[in-house]
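So the sequences go chain by chain: A and B. According to the working numbering, the first sequence is numbered sequentially starting from 1. According to the working numbering, the second sequence is numbered sequentially starting from 1.
Since the hints were derived computationally from the structure, they do not count as laboratory data. Mixed in with the good hints, there may be bad ones.
[Stated by the list, open to error] Straight-line distance between alpha carbons at most 25 Å, and here's what the computed SDA-like set of lysine to any residue pairs gives:
no.: 1; chain 1: A; residue 1: LYS30; chain 2: B; residue 2: PRO198
no.: 2; chain 1: B; residue 1: LYS155; chain 2: A; residue 2: LEU14
no.: 3; chain 1: A; residue 1: LYS30; chain 2: A; residue 2: PHE121
no.: 4; chain 1: A; residue 1: LYS30; chain 2: B; residue 2: SER62
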Amino acid sequence: MATLIFILSAAALLQFFISYCRSLIAASIKQPLSAEVRDVAGIPNTASGEDFARVIQLLDLCPERPEERARIRAINVYFRLLNFVRSTLARIIPALVAWTEMERGQCTYFAAVTLDRRIAFSRDMLAQQIDV
Amino acid sequence: MPGSLGYAIWLLATLLEVAVVVCAVRRHCFGRYLCLNLYMVSSLLVSIARYEVLSHFGLRSSQYLYCYYYSDAVLTIFLYLTLITLYLHVFDEMKAGKYVRLAAVMLLAGTALFSYAVVQQSSQRMFTSFVYELSQNLYFVGLVLTYVLWGAILKLRETRTQLIQIVLSLGVYFSAFAATFALGNMFPNLQSVTYIAPLFGCLLPMAWAYAFWRLAPDARMAPARLAVVPR
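Chain B with its partners taken away, still in its complex shape (with noise of 0.2 Å):
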């Protein structure tokens, strides 16, 4: 069984998420960013399941090995969804929505035959390496398309305070966790890491809470005074 600090990143985690859904139905953003609010409440069923099976067949069986596995790639295409959904906001004056959806489903289906590609080679052909492979490969591909995201924000000067937050948010959370992921690759020893990896998942649904409870739904910014490099 995890540790007490475990439980109690897991359970700070599973509130924030209900703290995103409760702030988003409560400011009446939850139609507007409907796909987000469906990965909090996809991620808290999520949660709660996980912590049915682990309760029942413990940290170290094969079940929990699964749930946890399977669960997590079903999540991580949800947040890919997401972050879509972002670019289909970002991008919604220039009328270019079909050409959004059609590239995001392609480069889903590209980074699953990659995924697959690599597991084929191994040799181990098992499904779940495949599933591993493909939540791993969608991370990065999320990091990617995070950044190409806030350089169109920048170029388009994206207004919207509220959307603003909610993608460098997603920029923050998917290059933290690429960051842990490639530490733990270094250094896989390295025990901090166990903890590191949700402590920054409970950072996105922290931001996204805010975003949704401070801003208001038509408050604007500059976005070129949030360039690193001065525009």
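Just chain A, same shape as in the assembly (with noise of 0.2 Å):
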């Protein structure tokens, strides 16, 4: 019975914590990126998962906001578990490998946004500096 209830719940698990974390990228995919942070990014167009890693190195260069820190966290488990699908289902079944690689671009354009939003908050604090 335990066993039972525990696939149950980890299978339940899985498909709340991917609709989260769509929900988070959703609420920032509608934001567009600044030119700046498209060329330090190399995100010319479309963002893509490979560009992931770069975004989030830059990220960390940046003065980090307390409130992001879970946020960042969970997209970096759902890109992590985007690329486990990939290597393994989406080789069972081809047609997640154009999904997964949707995901994880969406994934990148949030790191995007982010890293957008940790510049402009840098930029405040410096100016915040300047002026006292």
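Relying on the hints, combine the two individually framed chains into one complex.
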């Protein structure tokens, strides 16, 4: 009985987690990226999953905003999950390749939007310090 | 006494509960999600009360045991009521509030009766066993109800981002707890479960605080985009 509950709960957890991550991404997908971040992150038109690691590295260089920490972690876990699906299940079900690639691109876009916000935040802080 | 890691998780959870209420008040969402915020306030009070009992009587005392399980049952009932108010939000336009309330009361009474029947059959017919059983069963009912609510959100095309994120984080919380309980039953000697459950307890206030702080109450999104199986 415990095994059955565990399997059902784990499946529900996975489904809720994916939907939650997609809701986080969906909330940021409408925001346009500044030309500056497009240049820095190397995203000329559409964001690709291959750029995710680089954007995360750039994010780590900017001062962190505490309220964003949990969201970035969640998307990081989601991205790894997508990589896992891509290297395992997607080999058996080819339709998953396009889906995982699209989702990975959206993860990158989310990270780029966060980078944009962090740059603006750092700029504001710097302006405030200069004023003082 | 619990270790320093246990205390750190406890403190973090308590601070996050405060953060939820503060964010809700600052963003004028306290009244809109009244039951949710009252649950957070009661959870905060319970945390303080448990700490008091723990520091006076110790971890292995019967006083702490009673305090822990009874307060847990009360909190689970509050969380159940919070979930029902989320149903009321989703079914608001359908004017189905009366039926939702009636179904909620009947389900709660049914779960209590089922828990009583389970305890009645065991050799130890203690009230504490009933409280523990009720708590566990309500968690499972909560998981099923959240799943149904998520289905209703997708079906009714609910678009309020804040509400969607609150429901999804509740789903993650309930399913993570149910999985942890099941894991604990499968492997009773697994020590890490002791810390996993409270850590999952931190995720819910963290996600709710974010939903109140970062999302505008009138922000909208297409829920069909969020379904794992495309619609």
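Hint check:
1. A:LYS30 to B:PRO198: The hint is violated at about 35 Å.
2. B:LYS155 to A:LEU14: With a Cα-Cα distance of about 20 Å, the restraint between LYS155 (chain B) and LEU14 (chain A) holds, given a limit of 25 Å.
3. A:LYS30 to A:PHE121: It holds: about 19 Å lies between the C-alpha atoms, which stays within 25 Å.
4. A:LYS30 to B:SER62: violated (55 Å)
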